[in-house]
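> In case you want the letters, here they are:
2 protein chains.
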Amino acid sequence: MPPMSCRHLYRPGTIALAWVLGTVALATSWATARAPGDENWLDAYRGPASRIIGSALVSTLAWDRLAELTDEFGPRLSGSPQLENAILWALDRMKKDGLENVHAEKVMVPHWVRGTESAEVVRPVSLQMPMLGLGGSIGTDKEGIEAETLVVRSFAELDAAGERARGKIVVYNVAYESYGRTVQYRAAGASRAARLGARAVLLRSVGLPGLRTPHTGALSYTGQDPKIPAAAISLEDAEMLQRIQDRGQSAVVRLKMEAHFLEDAESANVIGELRGREKPEEVVVVAGHFDSWDVGTGAVDDGGGCIAAWTVLKVLKDLDLRPRRTIRVVLFTNEENGMRGGYAYRDAHKDELANHVMMLESDSGTFRPSGFGLSANERARATVREIASLLDAIGVSKIEDSGGGADISPSVRAGRIPSMSLEVDESRYFLYHHTPADTVDKLNPMDMALGVAAVGVMSYVIADMPGRLGQ
Amino acid sequence: MPPMSCRHLYRPGTIALAWVLGTVALATSWATARAPGDENWLDAYRGPASRIIGSALVSTLAWDRLAELTDEFGPRLSGSPQLENAILWALDRMKKDGLENVHAEKVMVPHWVRGTESAEVVRPVSLQMPMLGLGGSIGTDKEGIEAETLVVRSFAELDAAGERARGKIVVYNVAYESYGRTVQYRAAGASRAARLGARAVLLRSVGLPGLRTPHTGALSYTGQDPKIPAAAISLEDAEMLQRIQDRGQSAVVRLKMEAHFLEDAESANVIGELRGREKPEEVVVVAGHFDSWDVGTGAVDDGGGCIAAWTVLKVLKDLDLRPRRTIRVVLFTNEENGMRGGYAYRDAHKDELANHVMMLESDSGTFRPSGFGLSANERARATVREIASLLDAIGVSKIEDSGGGADISPSVRAGRIPSMSLEVDESRYFLYHHTPADTVDKLNPMDMALGVAAVGVMSYVIADMPGRLGQ
Numbered sequence: 000m001p002p003m004s005c006r007h008l009y010r011p012g013t014i015a016l017a018w019v020l021g022t023v024a025l026a027t028s029w030a031t032a033r034a035p036g037d038e039n040w041l042d043a044y045r046g047p048a049s050r051i052i053g054s055a056l057v058s059t060l061a062w063d064r065l066a067e068l069t070d071e072f073g074p075r076l077s078g079s080p081q082l083e084n085a086i087l088w089a090l091d092r093m094k095k096d097g098l099e100n101v102h103a104e105k106v107m108v109p110h111w112v113r114g115t116e117s118a119e120v121v122r123p124v125s126l127q128m129p130m131l132g133l134g135g136s137i138g139t140d141k142e143g144i145e146a147e148t149l150v151v152r153s154f155a156e157l158d159a160a161g162e163r164a165r166g167k168i169v170v171y172n173v174a175y176e177s178y179g180r181t182v183q184y185r186a187a188g189a190s191r192a193a194r195l196g197a198r199a200v201l202l203r204s205v206g207l208p209g210l211r212t213p214h215t216g217a218l219s220y221t222g223q224d225p226k227i228p229a230a231a232i233s234l235e236d237a238e239m240l241q242r243i244q245d246r247g248q249s250a251v252v253r254l255k256m257e258a259h260f261l262e263d264a265e266s267a268n269v270i271g272e273l274r275g276r277e278k279p280e281e282v283v284v285v286a287g288h289f290d291s292w293d294v295g296t297g298a299v300d301d302g303g304g305c306i307a308a309w310t311v312l313k314v315l316k317d318l319d320l321r322p323r324r325t326i327r328v329v330l331f332t333n334e335e336n337g338m339r340g341g342y343a344y345r346d347a348h349k350d351e352l353a354n355h356v357m358m359l360e361s362d363s364g365t366f367r368p369s370g371f372g373l374s375a376n377e378r379a380r381a382t383v384r385e386i387a388s389l390l391d392a393i394g395v396s397k398i399e400d401s402g403g404g405a406d407i408s409p410s411v412r413a414g415r416i417p418s419m420s421l422e423v424d425e426s427r428y429f430l431y432h433h434t435p436a437d438t439v440d441k442l443n444p445m446d447m448a449l450g451v452a453a454v455g456v457m458s459y460v461i462a463d464m465p466g467r468l469g470q
Numbered sequence: 000m001p002p003m004s005c006r007h008l009y010r011p012g013t014i015a016l017a018w019v020l021g022t023v024a025l026a027t028s029w030a031t032a033r034a035p036g037d038e039n040w041l042d043a044y045r046g047p048a049s050r051i052i053g054s055a056l057v058s059t060l061a062w063d064r065l066a067e068l069t070d071e072f073g074p075r076l077s078g079s080p081q082l083e084n085a086i087l088w089a090l091d092r093m094k095k096d097g098l099e100n101v102h103a104e105k106v107m108v109p110h111w112v113r114g115t116e117s118a119e120v121v122r123p124v125s126l127q128m129p130m131l132g133l134g135g136s137i138g139t140d141k142e143g144i145e146a147e148t149l150v151v152r153s154f155a156e157l158d159a160a161g162e163r164a165r166g167k168i169v170v171y172n173v174a175y176e177s178y179g180r181t182v183q184y185r186a187a188g189a190s191r192a193a194r195l196g197a198r199a200v201l202l203r204s205v206g207l208p209g210l211r212t213p214h215t216g217a218l219s220y221t222g223q224d225p226k227i228p229a230a231a232i233s234l235e236d237a238e239m240l241q242r243i244q245d246r247g248q249s250a251v252v253r254l255k256m257e258a259h260f261l262e263d264a265e266s267a268n269v270i271g272e273l274r275g276r277e278k279p280e281e282v283v284v285v286a287g288h289f290d291s292w293d294v295g296t297g298a299v300d301d302g303g304g305c306i307a308a309w310t311v312l313k314v315l316k317d318l319d320l321r322p323r324r325t326i327r328v329v330l331f332t333n334e335e336n337g338m339r340g341g342y343a344y345r346d347a348h349k350d351e352l353a354n355h356v357m358m359l360e361s362d363s364g365t366f367r368p369s370g371f372g373l374s375a376n377e378r379a380r381a382t383v384r385e386i387a388s389l390l391d392a393i394g395v396s397k398i399e400d401s402g403g404g405a406d407i408s409p410s411v412r413a414g415r416i417p418s419m420s421l422e423v424d425e426s427r428y429f430l431y432h433h434t435p436a437d438t439v440d441k442l443n444p445m446d447m448a449l450g451v452a453a454v455g456v457m458s459y460v461i462a463d464m465p466g467r468l469g470q
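Same order as they appear, the protein sequences are chains C and W. For the first sequence, numbering that gives the first Met the number 0 gives the first residue as 0, with consecutive numbering after it. For the second sequence, numbering that gives the first Met the number 0 gives the first residue as 0, with consecutive numbering after it.
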């Protein structure tokens, strides 16, 4: 019974003495904090790291707050009142959390509206297909477009079909390889087909096999080609249209879309800070994007990333851990269909970018974290690896070869700023991505808390250590 | 190099001799076929079984035909032209396959029509919820029903709420335990809530967690309670409404449904046979149900079961394996919302039920088969176990304690007929069940071919063996 035999060690007097000694030791170690490269410099951060991890993992605050955000405001597409109401809520809550310099930075954003939409097979069978218009697509006229389909498995097949595409609804039945490879059909498919005289485009959704689940996402029209409507359908229906064509039959589809643009709308990036105690002008940014598509409630993409980053500041504030440099949370607007928030931040802060020590974005879903992606010099990489060793025990210490995020990238490029991403188990990310199933239940409180703990320790140490990251 | 050293064994002359000897042996064994209980009686069936298995597994016919059915006719709800067109197609194809006594047996079926429908949260957030009206539900008036929600996790919670249910839309947020246990909320939930004055019911879908996927299915109103509209919503939205209530807020939902019944419509059970060579009046039935819900294309539930059963007869016919007794395929109509096909078969064949040796239904999806369920006496069970040993190598030899199917059950009960089911890997069945995702891609050709092989061997031996099963 070892606990009993050791009991005398824990007499009140002993505890008080240990506490005093510990505090003195901690103060001493802080006062003499050494820079990376010095032996044992990291020891000074074991105490703060354990407090950050403990505080993050003792509550389900991040998940609860994400549930509140998504339940009460729902989808947050650029231009929607839901997004603007959510922004007001975030500003209010950040102030209540005690964050500093809480403010909104105005950004004008595109205002695309989906409207009512449908796609139905009218021959050989009468069948409604679950569909989602692609973001930025034009609509059809009221009667819709009714045309035979031409199914292709690649741009090469489309180009080989040539004139046969004229007057048709082109169906891209492209198997999902990876988001990076397959998304080109969503981005460029409409204009490529329009060039050959197609009337509209249906896209097999870019994502993992689901439950007849369409995935939306942005397209971009070229300047040269006619604009034609484009929508995502499910893997199941793309394969069905393929089989019908392969049997030598023709399928006819009717597509109706009310999609259109309104005038640009006013939105904002939301900012809150924990001001640095010694070098407040030097900034570590932790970020996510607050806008979402209009079909799910944007919990995975990217409400979770926003709430996790924000919660990091709340945890540090509550622990009274004020680092040497400023830690700033940025909730970017309009990542999904314009990236205006990312550009606006770069422009509004251009004189300050040289003082950005590091920028971190979490936009892969706050699933179980595994580590960080990092784009920086070798000196920074060595430091980040050392810091990550504090996260070994919670399994978040893997450092990948590159890191960053869409919203921070304009600033990162302009200011040559070290950039990081929170790396997570992405295995289900592209199952939910841009679908109605992007809801808070797909994430779990412990995974989110681990993300808060990991980003908390990493950003705190980088913001607090004597030398600047990478220098 | 063993193959080379053995090559002399395969000289043409040797092969011819082996073939003659084999044929003689086979003929002898057939001529002296022994009944179950006799030693080695099964040996006579090793040859036919290997031919059935080989024939089933050398082609993807069953899957291809299921794709054709579902692609060309789509959903097949009772009363729909799609179902009736599919029935005509099946009759035509069965005749072309060379089946005998191919005919339709008229059945009048309920004709429920879903119409346009929607459910949206109007407070605290404006949010469309994916939904499916429950089969048999009444509709709302044109403006719909707008009311506060009362979320309950069980009938006990509903009853405890008592008067608080009056005027509300009751949301059954019941975690899925098993289909058998949880489906009671779908069946009886509307009337239970109406009894307390509720205006409508939303049901957390009875099925596995999906992608914001509602599952439809039939409800049944009691005679006593007012009829109120009822619809299924997703797990995600039921949980959201629960969280809102748990926070002490109220949610308001607007439900619109055009659902209504038309006059009963004419449909039919489809029948085809391989007439017995000695006892054609004795019948082994293999069956599935041909109707489906109106939201998917009814591949898993239960196009696959129908096509598998039908393909068994085609395989036997093509192999010229005509058993002693008749094997009959029955494609039942109206399993989903009325069971009229099953009752009609019982009534139309009542004088013949005593001659039904065994009835088998496949209605758990034609996923990877593992064996059979069997409800019969011990003598029958021993025989079925012996027959199943021929399916050991393809992994389909497990015999479960009970077996049958909804459509065959009226006949089975009336005629005290041994009944069987094809048992399969059901792990994904309730992911797709009654959803738009019930499509042919969820099944694979090899699993279906294995099902055909297994049902083929089982039904052939039972139909051919000298003694009647269980006697």
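In case anyone wonders, no lab produced these hints; they're calculated from the structure. A few of these clues could be false.
As the list claims (entries may be wrong) - Output of the computed footprint for chain C on chain W, the stretches with three or more beta carbons under 8 Å from beta carbons of chain C:
(1) 70-78
(2) 121-134
(3) 210-223
(4) 235-243
(5) 258-271
Since this is a predicted model, take the numbers as computed values, not measurements. Idealized CB from N, CA, C, for every residue including glycine.
> Establish whether the coverage given for the region 121-134 of chain W by chain C is satisfied; the threshold is a Cβ-Cβ distance below 8 Å, and no fewer than three residues must meet it.
Holds, because 5 residues of the region 121-134 of chain W bring their Cβ atoms closer than 8 Å to Cβ atoms of chain C.
> For the region 70-78 of chain W, do three or more residues have a beta carbon lying closer than 8 Å to a beta carbon of chain C?
Our answer is that it holds, as 5 residues pass the Cβ test (under 8 Å) against chain C, meeting three.
> Per the coverage rule (Cβ-Cβ under 8 Å, at least three residues), is the region 235-243 of chain W covered by chain C?
That given contact holds, which follows from 5 residues of the region 235-243 of chain W lying within Cβ reach (below 8 Å) of chain C.
> Given that the region 210-223 of chain W was listed as covered by chain C, double-check it with a C-beta distance under 8 Å for 3 or more residues.
Per the Cβ count (3), the hint holds.
> Do three or more residues from the region 258-271 of chain W put their C-beta atoms closer than 8 Å to C-beta atoms of chain C?
violated (count 0)
Consistency note: the structure conflicts with earlier hint 5 alone.
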